[in-house]
Amino acid sequence: QPALTQPPSASGSPGQSVTISCTGTSSDVGGYDFVSWYQQHPGKAPKLMISEVNKRASGVPDRFSGSKSGNTASLTVSGLQAEDEADYYCSSHAGTFGYVFGTGTKVTVL
Amino acid sequence: QVQLQESGPGLVKPSGTLSLSCAVSGDSISRGNFWGWVRQPPGKGLEWIGDVLHSGIATYNPSLKSRVTISLDTSKNQFSLTLSSITAADTSTYYCVRSPGWYRIDQWGQGTLVTVSS
Chain R
1 QPALTQPPSA
11 SGSPGQSVTI
21 SCTGTSSDVG
31 GYDFVSWYQQ
41 HPGKAPKLMI
51 SEVNKRASGV
61 PDRFSGSKSG
71 NTASLTVSGL
81 QAEDEADYYC
91 SSHAGTFGYV
101 FGTGTKVTVL
Chain F
1 QVQLQESGPG
11 LVKPSGTLSL
21 SCAVSGDSIS
31 RGNFWGWVRQ
41 PPGKGLEWIG
51 DVLHSGIATY
61 NPSLKSRVTI
71 SLDTSKNQFS
81 LTLSSITAAD
91 TSTYYCVRSP
101 GWYRIDQWGQ
111 GTLVTVSS
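Just so you know, the sequences run in chain order R and F. Using the numbering used here, the letters of the first sequence map in sequence onto residues 1 to 110. Using the numbering used here, the letters of the second sequence map in sequence onto residues 1 to 118.
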């Protein structure tokens, strides 16, 4: 099962918004509402931010939001802050393949 | 709070077997969650290896299925990963993880780097 496709990088100035896409197929993203997003700072373990497309994990600021249309899911970070600079990974249920992760997007706060 | 801690050798020889354990505190592995492993090669993305339900039923990434075993040790409240016939491509940071279901991973260990080299 190929990895989900994410843009390698995204950036924005403090206070601006950035949206990251996550494109799969009808066998994963398009077929299930089980898309999650993880934030990973350098040298750290990933942290769950969003699950089931648009449900924020406990303690995650409401600046983070998720959505899905067809085979593409998106993560939007509004009101960018310096601490949002990190790698972001999407994941999706993929039927008999279990989980599939995205290729990852490095978010830079300018 | 829930904590997961990986342990095992940091260096394994090619063609050998990688064995890691994950000690769980703050939760019981016998109770209603999935316990699994995710790996990340240096500088690259995440790859799901597999998981095991509290009942002992395991599910694996099809690309690794022939080489991997994940099992529970309820007496020690820990679970383990065994990966056989390893090559340099298996060099990664290995994370043990918890999933409460709905295909989300809500707890991660700190990760342990395993290097495959002779």
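Since the hints were made in silico from the structure, they are not lab data. Treat each hint with caution, since some may be false.
What the hints assert, rightly or not - Derived lysine to any residue pairs resembling SDA-like cross-links, with alpha carbons at most 25 Å apart: (1) Lys44(F) with Val18(R); (2) Lys44(R) with Gly56(F); (3) Lys47(R) with Val2(F); (4) Lys44(R) with Trp102(F); (5) Lys47(R) with Trp102(F); (6) Lys47(R) with Ser99(F); (7) Lys44(F) with Asp62(R); (8) Lys44(F) with Ala45(R); (9) Lys55(R) with Trp102(F); (10) Lys55(R) with Ser99(F); (11) Lys106(R) with Ser58(R); (12) Lys44(F) with Gly15(R); (13) Lys47(R) with Pro42(F); (14) Lys44(R) with Ser75(F); (15) Lys68(R) with Ser78(R); (16) Lys44(R) with Thr96(R).
Hint check:
1. Lys44(F) with Val18(R): It holds: about 22 Å lies between the C-alpha atoms, which stays within 25 Å.
2. Lys44(R) with Gly56(F): Violated. Lys44(R) to Gly56(F) sits at ~29 Å, over the 25 Å cutoff.
3. Lys47(R) with Val2(F): Measuring from Cα to Cα gives roughly 14 Å; hence the hint holds.
4. Lys44(R) with Trp102(F): Given that 25 Å is the threshold and the Cα spacing comes to 24 Å, the pair holds.
5. Lys47(R) with Trp102(F): holds, 16 Å
6. Lys47(R) with Ser99(F): Roughly 12 Å separates the two Cα atoms, so the pair holds.
7. Lys44(F) with Asp62(R): This hinted pair is violated, its Cα atoms lying about 28 Å apart.
8. Lys44(F) with Ala45(R): Since the Cα atoms of Lys44(F) and Ala45(R) sit roughly 13 Å apart, the hinted pair holds (cutoff 25 Å).
9. Lys55(R) with Trp102(F): It holds: about 12 Å lies between the C-alpha atoms, which stays within 25 Å.
10. Lys55(R) with Ser99(F): OK: Lys55(R) and Ser99(F) at ~15 Å, within 25 Å.
11. Lys106(R) with Ser58(R): holds, 23 Å
12. Lys44(F) with Gly15(R): Status violated; Cα separation ~29 Å.
13. Lys47(R) with Pro42(F): holds, 18 Å
14. Lys44(R) with Ser75(F): Answer violated: Lys44(R) to Ser75(F) is near 30 Å, above 25 Å.
15. Lys68(R) with Ser78(R): With Cα atoms ~17 Å apart, Lys68(R) and Ser78(R) stay inside 25 Å; holds.
16. Lys44(R) with Thr96(R): violated, 29 Å
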